[in-house]
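Student: The lines below spell out each chain.
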Amino acid sequence: MEYVIHILIVIVIYATLALSLDLIVGHTGILSVAHAGYFGIGAYVVAVLSTRLGIHSILTLTTAAGLGALASLAVSLPALRLREDYFVIATFGFQIIFSNVLNNWVPLTRGPLGIPGIPEFTLFGVRIASQGGLLCLAGFVALVALAIVYALLHSPFGRVLHGIREDEVLMESYGKNVLRFKILTFAVSAAIASTAGGVYAVYLAFIDPTSFTVMDSILMISMVIIGGAGSLLGPPLGAALLVLLPELMRFLGLPPSASANVRQIVYGLMLVVVIALRPTGLVGAYKVGR
Amino acid sequence: MISQLFANSVIAAAAYTLVGLGFAMIYWSARFFNFAHAVTYTLAAYVAYALMTALHFPLAAAAPVAVTAAAAFGAMTEYLVFKRLRRRTASPLGLLLASLGIMVAVQNIVSLTFGDDTKSIRKTALNRVFVLGEAHFTTIQVWTVGAAIVITILLWLILHRTKAGRTLRAVANDPELSRIVGIDSDKVMFWTFAGSSAIAGIASLLVGLDTDLSPTMGLRILLMAVTAVIIGGEGRIQAVAVGAALVGAAQHLGVIVLGTQWQDAIVFVLLIAFLLIRPTGVMGRPLRKAAV
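Chains as they are written, first to last, in numbering that gives the first Met the number 0: chain A, 0 to 289; chain B, 0 to 291.
There may be inaccurate statements among the hints.
What the hints assert, rightly or not - Each computed DSBU-like pair below joins lysine-lysine, with the alpha-carbon atoms no more than 35 angstroms apart:
no.	chain 1	residue 1	chain 2	residue 2
1	A	K286	A	K175
2	B	K82	A	K286
3	B	K186	A	K286
4	B	K186	B	K82
As the list claims (entries may be wrong) - To give a feel for the contact side, a few chain A residues facing chain B, derived at Cβ under 10 angstroms:
no.	residue
5	V32
6	P77
7	A78
8	Y85
9	F86
10	G92
11	I95
12	I96
13	N99
14	V100
15	F139
16	R262
17	M269
18	V271
19	I274
The set of hints was computed from the structure by calculation and includes no laboratory data. A virtual CB, placed ideally from N, CA and C, is assigned to each residue, including glycine.
Based on the provided sequences and hints, a complete structural model is requested.
Tutor: Below you can see the structure in the form of structure tokens.
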């Protein structure tokens, strides 16, 4: 049972991440390889605030969200002016600078050693210590994220986003400030990813730089595209699929070290196949890369 | 100390030039960022490693096989994946995503087959140390620099002085028009991928003989090479070498100010600065078409 809840919590966290990334990839039509960075910022903000300053309330999560959004401005303000493939390279650059900082800013992040002993969470005076409680917390964050994404997409704002995705120049000619829409979307997406990172830190009680690398960014992109971009169901479905994959392989008798490799081989190939044969993914609404 | 750092920059720049040339040729003709180039590079070194350790091939026999394997792999990705994607009207972003998928898959196949620990194909004869002034360097490093110079010049000659080169430049310039005049652009693309991948294979062996092999070796050097291509400027062979020199210098001379641990970060700060301030690169031509 404990194992099942563990898998569920991981799925819910990654579903939240995929959902937020889809705002950028599937609804605005731009590709960012820096999403693991925002995830990492959230995790480290919560870890540092709770282990150094002894804050372990909902305040850490909101701070994580705020700083994540702020960090997204550092990327989006300069880089979103670039054309799409240059933008991808720029986000690659930001992601690698971020990993570099995590590994080398030792006084704050403890470098490769990571931050252990992240304390339990207190919500309105109640300590969330049990796994069930943590699942509720992760589920709550996911639902809030879903509500935000849903509201955003079903508002005039969302219609403009889809317009930008289909024809940026047309939207510009309608007098829409395309850059501002993109920057705002980026900030919302990053805030959600950072909050998910905070939950991740609290749940694992230990974080290190290896969870927030370029490869993790690519994993998140694969979740969105394989599940299906531009929909509310697709990205969480992709997340569930790719989280379950190594677990399934463990049941098939693969050693855990090999299953990490096999998972990446499988989703790498799936990415190629989906782009070639079914650009909407499993249940998506937007053809990525067409 | 300065002369050593200078020597290090030149050696790094040579490797980035070689990887960057192949990447740039593909980018200029097929118009997408091919991340699979990273694993083309990785594969060559591991093929040589497998031949030299398991089958006891001498280096002189393993090297051509490894380079051919890299060329074949690159050509295969074009034939099996990218050509088909172009037919299905995939955008540059779609091609980029597919190449990311190939990169992730192959990198992990290498890691599953050979393990994540570093492997060595070094030869003591090639790692003999020379001293010039205050700078120390090895035979293989001199070879690397030599190879970069020779291949850059050769590639320039092929592109500008042969019929094949003219054809390639025609496809790169205007795929539509070159199809109208009867150029088989798929064939041109196939050979561009094969040639570019062979250069990656050569680079991989030269660097592999100097340092160690690891499954992630390709992605790191590719990102450096991409930076070199972008800050060098589009459309010219010699610009890649200039960009690579800047990246190598930033990386190794930056060590004086910051520590070695910030080497990679310095390069990407440089990249982002260039993308913002001068996206056409130091030697780039001004944009001809309206950038809509």
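Student: Now tell me, hint by hint, if it's right for this structure.
Tutor: Here is what the structure says about each hint:
Distance hint between K286(A) and K175(A) is fulfilled; the C-alpha atoms sit about 24 angstroms from each other, no more than 35 angstroms. Proximity of K82(B) to K286(A) is assessed by CA-CA distance (about 19 angstroms); at most 35 angstroms being required, the pair is judged to hold. In summary, the hint linking K186(B) to K286(A) is supported, as the alpha carbons are separated by about 28 angstroms, within the 35 angstroms threshold. Distance restraint check for K186(B) and K82(B): the Cα-Cα separation of roughly 10 angstroms lies within the 35 angstroms cut-off, and the hinted pair is therefore satisfied.
Given hint, V32(A) at the interface with chain B, holds; its Cβ is 8 angstroms from that chain's nearest Cβ, closer than 10 angstroms. Interface restraint check for P77(A): the shortest CB-CB distance to chain B comes to about 5 angstroms, inside 10 angstroms, so the restraint holds. Satisfaction of the interface hint for A78(A) is found here, the shortest Cβ-Cβ separation to chain B being roughly 7 angstroms, below the 10 angstroms cut-off. Annotation: Y85(A) was flagged as interfacial toward chain B, and the flag holds, the nearest CB pair being 6 angstroms apart, inside 10 angstroms.
With a least beta-carbon distance of about 9 angstroms to chain B, the hint placing F86(A) at the interface is held under the 10 angstroms criterion. With a cut of 10 angstroms, the hint placing G92(A) at the interface with chain B holds, because the nearest CB-to-CB distance is about 4 angstroms. Because the closest C-beta pair between I95(A) and chain B is about 6 angstroms apart, less than 10 angstroms, the hint holds. Here the hint on I96(A) is kept, as its CB sits about 5 angstroms from the closest CB of chain B, short of 10 angstroms.
Contact between N99(A) and chain B, as hinted, is supported at the beta carbon level, the nearest pair being about 4 angstroms apart and thus within 10 angstroms. Of the supplied interface hints, the one on V100(A) holds, with its beta-carbon coming within about 7 angstroms of a beta-carbon of chain B, less than 10 angstroms. Hint status for F139(A) relative to chain B: violated, with the closest Cβ pair at about 32 angstroms, above 10 angstroms. Interface hint at R262(A): satisfied, since its Cβ lies 8 angstroms from the closest Cβ of chain B, which is below the 10 angstroms cut-off.
Residue-level restraint check for M269(A) holds (minimum Cβ-Cβ distance to chain B is 7 angstroms; threshold 10 angstroms). The beta carbon of V271(A) is positioned within 10 angstroms of a beta carbon in chain B (closest approach about 4 angstroms), and the interface hint is therefore held. Because the beta carbon of I274(A) sits about 5 angstroms from the nearest beta carbon in chain B, less than 10 angstroms, this interface hint is met.
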